[in-house]
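Student: Start from the sequences and build out the full structure, keeping to the hints where you can.
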Amino acid sequence: MSKSLKLYGTLTVAAVAMLTGAYNFADRNVVPMPEGADTLVQAEGNIDSMLIAAAHASDAKADGAFGLGRPALPEEIAAWNLDVSPDGTGLPEGSGDVMTGEELFVENCAVCHGDFAEGVGNWPALAGGEGTLADKDPVKTVGSYWPHLSTAWDYVHRSMPYGNAQSLETDEVYAIVAYILYSNYIVEDDFVLSNENFLEVEMPNADGFIIDDRPETEYGRFSEEPCMENCKDEVEITMRAAVLDVTPEEEGATSEEEATAPATDEATDEAAAETDAADEAPAEEAALDPDLVAEGEKVFRKCKACHMVGEGAKNRTGPQLNGVMGRQMAAVDGFRYSATLEDMGEAGQAWDEEALAAFLAKPRDYVKGTKMAFPGLRKDDDIAAVTEYLKSFSQ
Amino acid sequence: MTVSFNGKKPSRRAVLKGALAAGGAVAGATMARAAGPDPLITQTQPWAQGLGEGVDATPYGLPIRFESDVVRRNVEWLTADTISSINFTPIHALDGTITPQGCAFERHHSGAIELRKEDYRLMINGLVDTPLVFTYEDLERFPRVNRVHFCECAANTGMEWAGAQLNGAQFTHGMIHNMEYSGVPLGTLLKEAGVQTEGKWVYVEGADASSNGRSIPLEKAMEDVLVAFKANGEALRKEHGYPVRLVVPGWEGNMWVKWLRRVEVTDGPVESREETSKYTDTLADGTSRKWTWVMDAKSVVTSPSPQSPITHGHGPLVITGLAWSGHGKITRVDVTVDGGKTWQQARLAADPQDKAVTRFYLDHVWNGEEMLLQSRAMDETGYVQPTKDALRDVRGENSIYHNNCIQTWWVKSDGEAENVEIS
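So the sequence lines, in the order shown, correspond to chains A and B. Residue numbers for the first sequence, in the working numbering: 1 to 395. Residue numbers for the second sequence, in the working numbering: 396 to 818.
Honestly, I wouldn't trust all of these hints.
[Said to hold, decoys possible] DEER-style ranges, computed between Cβ atoms: (1) A:C231 - B:T682: 52 to 58 angstroms; (2) B:L457 - A:P375: 41 to 47 angstroms; (3) A:D135 - B:A744: 22 to 28 angstroms; (4) A:E76 - B:P454: 35 to 41 angstroms; (5) A:T132 - B:L457: 30 to 36 angstroms; (6) B:E764 - A:M228: 43 to 49 angstroms; (7) A:K314 - B:D749: 17 to 23 angstroms; (8) B:G491 - A:A350: 55 to 61 angstroms; (9) A:D381 - B:Q739: 52 to 58 angstroms.
[Unchecked claim] Taking lysine to any residue pairs in the SDA-like style, the calculated list, with each CA pair at most 20 angstroms apart, reads: (10) A:K136 - B:Y756; (11) A:K298 - B:D464; (12) B:K673 - A:Y219; (13) A:K302 - B:L473; (14) A:K379 - A:D289; (15) A:K136 - B:L522; (16) B:K512 - B:K633; (17) B:K615 - B:K633; (18) A:K304 - B:D784; (19) A:K304 - B:S480; (20) B:K724 - B:K685; (21) B:K724 - A:Y219; (22) A:K302 - A:T370; (23) B:K807 - B:D662; (24) B:K586 - B:L522; (25) A:K362 - B:E509; (26) B:K595 - A:G88; (27) B:K736 - B:D784; (28) B:K673 - A:W123; (29) B:K685 - A:Q349; (30) B:K807 - A:K298; (31) B:K807 - A:K379; (32) A:K314 - B:D476; (33) B:K633 - A:G88; (34) A:K302 - B:E509; (35) B:K685 - A:I210; (36) A:K302 - B:D662; (37) B:K615 - B:Q560; (38) B:K685 - A:K298.
Hints are computed from structural coordinates only; laboratory data are not their basis. Glycine residues also receive a C-beta, built at the ideal position from the N, C-alpha and C atoms.
Tutor: What follows is the structure, encoded as structure tokens:
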């Protein structure tokens, strides 16, 4: 059956339906308005009237005016109502000491925040910076800046570790927060933090905040009638962005080659990946498929946030990846791997195509407790490509 | 691993520059004369002869491939990774006021999560008569409103405090988008649960790992905050909080919690990470302002600008830009081409809306002279957008957030533009 015939068929059905509808409406007039609906229409913009109208809804499940939703169960509220306020509201019972906290911190937090909470690369420092807030470049840490201890506890408890949130036990959170306090010289090394002494901890910058005073300090000053003519005699350029040159280059489709690429985000990714190619120029081996290597380089953009590869590659959030293919697992000096990966390496396991494919597909399944926050590559093609790319950096 | 061009692909700017050089020969202040018949007119072109694509070639349409440089961009050195990071709306290449969702800036604290409508739950708890749980379907049954609002990250222009740094309106001012939202007033949901008299604040949080919790005074929550599920007529994008986000008109973007999962009525602020250690503004003496929620009036010329240089010859030039205020409606925008010696009132493209972006135009005649371009917004409270120096006089250089200063572009005689500061 041709498309046009199908179309006619649909039209016929629709026409019959319309006629039936018209008949029903005109002759039988049996289509009732929902109770209160006319009031709802009239009351547009008047919430109170709507509340009254909808109060008559017959399927009310809750006590509210619209009767929508259902009462939250105590277990449900307990599961989500985790926030902790400065006065300790919401803080569960428990305790943890500095030394336990140090171990937990090194295991769970140091990969980004450093062993001493000093911060790795661009990741936040949690310690230090005291007395720097009025400097040219203030260092804002839990010790130097955060006004409330509850904020640190709450955030560690609900949102950390990065990529594995809500995996810490209550006592572990107390211990880690105790260690963060210790690394800021706020408590001694024998300190035990608990819900009992929580409010006794004094945060150094507790009095460092004022409530928004723009209405008093700025709005009057910035409300004068603006000058329109002869506002100044001379104008000079005092600073230029081009001097600093920190603006990312534009990666747009301009050449013919790019113009034939699909107009999606990938087009930009491609351009960017190619842009990088000149700098990296991997030492390709004869057996490698150059197209696949190039493809893998694009996929590797996802990995770049944490991993370096190529000349001068260093450990960042993740280990550097030069020569990873064929290498024993957890073998890069100076990188602190998860205990699982350490064990796998010690057992003699090495990274081959199969192992890498399994790890990259589902990192957390292949290495339980891995520190790699990346959820995995969904496409087999991407895994093959990035593997080929990594092979091009064998040493 | 530094990003640099390998010479094969000229940047858009370089291409445009070439076009200017070629065009400059024939284009003057008067109408250009054709050297010969234009083959695009005199010869039958393939698109005029053959057939184009059929319907359904792209069930959900994307911009034509020639526009593939109009995309969000990231400044890699700003953040440790792209999961807890931000990118920028290509405002230099857009017109009108509505930001298409696909190029509206993204800011995540633990990545853009995938949350199905079927798995979505919104809880209202705390100081209410009946703590409630809503499904997505429940939310769609409440009376709905449509409103256009801008969402600006508090850190927009934050890299420019100490000096001109990033060369492009996208990078200096692109942490903003402006969309039409469809949703339910948060006040309707709060009334449904019954707010108790001790309730003075709401604490709102998302379903992602960061939760990005923020405290909002109850008065604001009841006034104009929306629980939104559509933007520009269609479902929110994943990166903007699908299926449900909060819209907090006029207030900093961090409060517009995405993947909204819980609203707790409290008697005081929670003082979460996002409202103490971040999104607080440190002054020159080391004290910091907190609760700086409102985004003050601001504007920027989007074209010409460093990413949108003048590529045509002398003569008519459209100078255009955006203005907005978290205090209400924009009432006026002034533009200067001489670094602030004299100002002209710009033409507003449409009646300004409350806490929404307004488009302005200055129809100018350009004869190749260098320009120091600035725009200055005023809002209905009488507030006048300040200069960068005036802001620094009050705050110093370390407040990171809420930089709403007047922006300067130095447009050179070849039409190229650069981000500068002036005396």
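Student: Please go over all the hints and tell whether each is borne out by the structure.
Tutor: Cross-check of the supplied hints:
1. A:C231 - B:T682: 52 to 58 angstroms: violated, 33 angstroms
2. B:L457 - A:P375: 41 to 47 angstroms: About 25 angstroms separates the Cβ atoms of L457 of chain B and P375 of chain A, which means 41 to 47 angstroms is violated.
3. A:D135 - B:A744: 22 to 28 angstroms: Given a distance of about 44 angstroms, which is not inside 22 to 28 angstroms, the answer is violated.
4. A:E76 - B:P454: 35 to 41 angstroms: holds, 39 angstroms
5. A:T132 - B:L457: 30 to 36 angstroms: With Cβ atoms ~48 angstroms apart, the hint is violated.
6. B:E764 - A:M228: 43 to 49 angstroms: With Cβ atoms ~20 angstroms apart, the hint is violated.
7. A:K314 - B:D749: 17 to 23 angstroms: Taking Cβ atoms as reference, K314 of chain A and D749 of chain B lie about 51 angstroms apart, which means the hint is violated.
8. B:G491 - A:A350: 55 to 61 angstroms: Given range 55 to 61 angstroms: holds, Cβ gap about 57 angstroms.
9. A:D381 - B:Q739: 52 to 58 angstroms: holds, 56 angstroms
10. A:K136 - B:Y756: violated, 38 angstroms
11. A:K298 - B:D464: Answer holds: K298 of chain A to D464 of chain B is near 18 angstroms, not above 20 angstroms.
12. B:K673 - A:Y219: The hint is violated at about 23 angstroms.
13. A:K302 - B:L473: Answer holds: K302 of chain A to L473 of chain B is near 17 angstroms, not above 20 angstroms.
14. A:K379 - A:D289: holds, 19 angstroms
15. A:K136 - B:L522: violated, 43 angstroms
16. B:K512 - B:K633: Holds, at roughly 11 angstroms.
17. B:K615 - B:K633: violated, 26 angstroms
18. A:K304 - B:D784: violated, 38 angstroms
19. A:K304 - B:S480: Answer holds: K304 of chain A to S480 of chain B is near 14 angstroms, not above 20 angstroms.
20. B:K724 - B:K685: violated, 25 angstroms
21. B:K724 - A:Y219: holds, 16 angstroms
22. A:K302 - A:T370: holds, 17 angstroms
23. B:K807 - B:D662: violated, 56 angstroms
24. B:K586 - B:L522: holds, 12 angstroms
25. A:K362 - B:E509: Cα-Cα ~17 angstroms, so holds.
26. B:K595 - A:G88: holds, 18 angstroms
27. B:K736 - B:D784: holds, 16 angstroms
28. B:K673 - A:W123: holds, 14 angstroms
29. B:K685 - A:Q349: At roughly 52 angstroms apart (the allowed maximum being 20 angstroms), Q349 of chain A and K685 of chain B break the hint.
30. B:K807 - A:K298: Measuring from Cα to Cα gives roughly 37 angstroms; hence the hint is violated.
31. B:K807 - A:K379: violated, 48 angstroms
32. A:K314 - B:D476: Satisfied, since the Cα-Cα distance of roughly 16 angstroms is no more than 20 angstroms.
33. B:K633 - A:G88: violated, 35 angstroms
34. A:K302 - B:E509: The hint holds at about 18 angstroms.
35. B:K685 - A:I210: Distance of about 6 angstroms is within 20 angstroms: holds.
36. A:K302 - B:D662: Outside the cut-off at roughly 43 angstroms; violated.
37. B:K615 - B:Q560: The given pair, whose Cα atoms are some 35 angstroms apart, is violated under the 20 angstroms limit.
38. B:K685 - A:K298: violated, 42 angstroms
Violated hints for the displayed structure, listed by number in ascending order: 1, 2, 3, 5, 6, 7, 10, 12, 15, 17, 18, 20, 23, 29, 30, 31, 33, 36, 37 and 38.
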